[in-house]
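Following the hints, put chain B in place on chain A, whose structure we already have.
Going line by line, the protein sequences match chains A and B.
Residues 1 to 440, numbered by this note's numbering, are exactly what the first sequence covers, in order.
Residues 1 to 249, numbered by this note's numbering, are exactly what the second sequence covers, in order.
It is worth saying that the hints were derived from the structure and are not from the lab.
Misleading hints may appear alongside valid ones.
[Stated by the list, open to error] Below, a list of computed lysine-lysine pairs in the DSS-like style, where the Cα atoms sit at most 25 Å apart: (1) B:K207 x A:K245; (2) A:K174 x A:K96; (3) A:K291 x B:K207; (4) A:K400 x A:K154; (5) A:K370 x A:K16; (6) A:K415 x A:K400; (7) A:K291 x A:K96; (8) B:K207 x A:K4; (9) A:K178 x A:K291.
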Amino acid sequence: MLWKTTEYAAWGNVHKAKGQIARPERAATLERILAEAPAPAFGNRRSYGDSPLNDGGRAIDMTRMDKIIGFDPATGVVEAEAGVTLAELIRLFAAKGWIPAVVPGTGFATIGGAIANDVHGKNHHVDGSFGAHVLAITLQSAGKRVTATPERLKTLFRATLGGIGQTGVIVSAKLQMKRIPGAAMRVSERRIMSWKDHIDALEGSTATYAVSWIDAQAKGATMGRGILEEAELTDATPPGPSRAKSVPVAIGLFSNSLFARAFNEVYFRRVPEAGRTSVKRLEEFFFPLDKVHAMNRLYGKGGFHQFQCVVPPDQTEALGQMMSKIARSGLGSPLAVLKRMGPFRAGMLSFPTEGYTLAVDFPNRTRAVKLIEELEAMTAAAGGRLYLAKDSLAPGDTIKAMYPEWQAWAREAAKADPDGDLMTNMVRRLDLRTAAETTQ
Amino acid sequence: MTQQMNQTWIILGATSSMARAFGRAVAEQGAHVLIAGRDMDDLRGAAVDLTARGAASAQAVRFDAHDPATFAPIIDAALAQDGLINAAVFVGSMPPQAEIDADPALIDGVVVDSYTGPAKFLQALAPHMEARAGGTVVGVGSVAGDRGRIGNYVYGSAKAGFATYLSGLRNRLTRSGGHVVTVKPGFVDTAMTWGIEGMFLVAPPSKVAEDILRAVEKRRDVIYTPFFWRYIMLIIRSIPERLFKKLSV
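Isolated chain A (complex conformation) (with noise of 0.2 Å):
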């Protein structure tokens, strides 16, 4: 059958949507689907909050629409339909010298998706965004395909990286991937013992993969500790893969503060005091949590949030009272990270921008919503930005005065998608369509 009506969710798995979804294996079924009845589409669903969700709508899922439909093994120019993901193109070309030049913490986001989200990795203030490396882009609405690139038909191009699927449903793109000189990471890991520590050493880190690991837990003097990563691609040999697990159930423990804080306590210190260097695979490196299947059922069945903001350089203080704040609520789980980010930003609604940008999980309890919701008001006061890929809690306005380019975008999706057929729950919550043509 064409359709099939089922519930899904995004990875966060706190909002859950109703509806019928079509899942072409052929660009003739996916051509025939956008005639019929336009749809907004998704890829596996890695954002967090309402981004992929019509609930009571139709929606498209593209994960069968996974060819690699050219590449030039001389350039390491790579197309490919939507619906491969990046650690399939990792899988595919890194024995033959090339890589996706920026992949997010999972490997199971598809093309479209980080397109659409216009994700960042470990090494933005190096190589930008993903957005930066996109040569072409293949939009289809009803009835038309088009293809754009940052010289023709360009603000569309501008506006569908980070743009949500507003613009069209993405049915390829072709990537320039990044020349590694073989599959491996030589990664150095070091402890950083306070906020002020953790600053000055992402600040003053010349490596091209940084990223740190912070201890949401930790308070007082402690405030800010963390594992700073540090890599740089090599043509070492990296040990063998391990045994993928999975999580059977949904058991919540990482809602546990006293689990979290055992579990921090225990990660902290398995780096030892003088720091270590080693060689890991790509997927290792890139994507610490996949081998872990199914984990996001370690937050139990109410599912949690990310709270993901980034503030401009001179605001690390603001920053710092964030973190302060996130450590005596006791209830950031493991799963807590600072990065600093460069000055690279693609599209109009990307979320990268330079200074520094913090993520934490935390479990969906009215206490977390809420200290999540003083979190973003204080993002909002120091000058700062949340990532639409992680957000499903935050208020349209505030996410509007933090796009300044939101107005142009939505002018862009009108004209791309006027009959509003690919709006989502997201861009509902926050209204960012309807405003567009009052403004212009």
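Chain B alone, transformed into the frame defined by chain A:
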């Protein structure tokens, strides 16, 4: 890694997701792949995909079970390569039983798609496989062929006929060093089963492809995939007809 090098695989019905997954599995092992079906746009895209994934070569060719004139060019393309020739048959069609009840003429189409079309093709290919003294045929049947059931017995009977044909072909090809693997998939997560109620233990196509390739390498005769369908079907087959005729399983 290199087990399928210097081998050619003809894949009939190559646009289905199970066939696509199997094509990728042999491509990654370096085989020459001929992908055959009716949607030439999709097949041409798939040929690029298989090449990027490691196929020694990949070519889109037209195959229509209802049009025997499409058979010879496929066999010629396979003969153009040295080494063993293999074929995997993923074709078949399953209109809803209610449509067949309303229009019994539909039975002809089901039988051609699921049995006589591929059987004619394999019959034409067999002498060439014998001449090259080896090669494997993978025939994808269905658990529906194990017993006639009210919900899909026309499709089931065509698949049962095909399964018996494969058994005979195995008997023939084994004399020249060739082999036939009969595959009986249970519920697989494909466009065919998408949205159908009552599906359980649905397997991803990639898992089925892995099972098939392992069966080819180990020269297994008949496999159920996923494996537990062997036991489910053992139970279904052992229900006495006197009782079975009253059930709607």
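To see whether the hints hold, each was checked on the structure:
Using a Cα cut-off of 25 Å, the hinted pair B:K207 and A:K245 holds, with the two alpha carbons roughly 17 Å apart. In summary, the hint linking A:K174 to A:K96 is supported, as the alpha carbons are separated by about 18 Å, within the 25 Å threshold. A threshold of 25 Å between alpha carbons decides the hint, and for A:K291 with B:K207 the separation of about 18 Å falls inside it, so the pair holds. A threshold of 25 Å between alpha carbons decides the hint, and for A:K400 with A:K154 the separation of about 22 Å falls inside it, so the pair holds.
Annotation: proposed proximity of A:K370 to A:K16 holds, straight-line Cα distance about 20 Å (limit 25 Å). Between A:K415 and A:K400 the alpha-carbon distance is near 19 Å, which keeps this suggested pair within the 25 Å criterion. A distance of roughly 23 Å separates the Cα atoms of A:K291 and A:K96; the hinted pair therefore holds under the 25 Å criterion. A C-alpha spacing of about 22 Å is found between B:K207 and A:K4, which places the hinted pair at or below 25 Å, so the restraint holds.
Proximity of A:K178 to A:K291 is assessed by CA-CA distance (about 24 Å); at most 25 Å being required, the pair is judged to hold.
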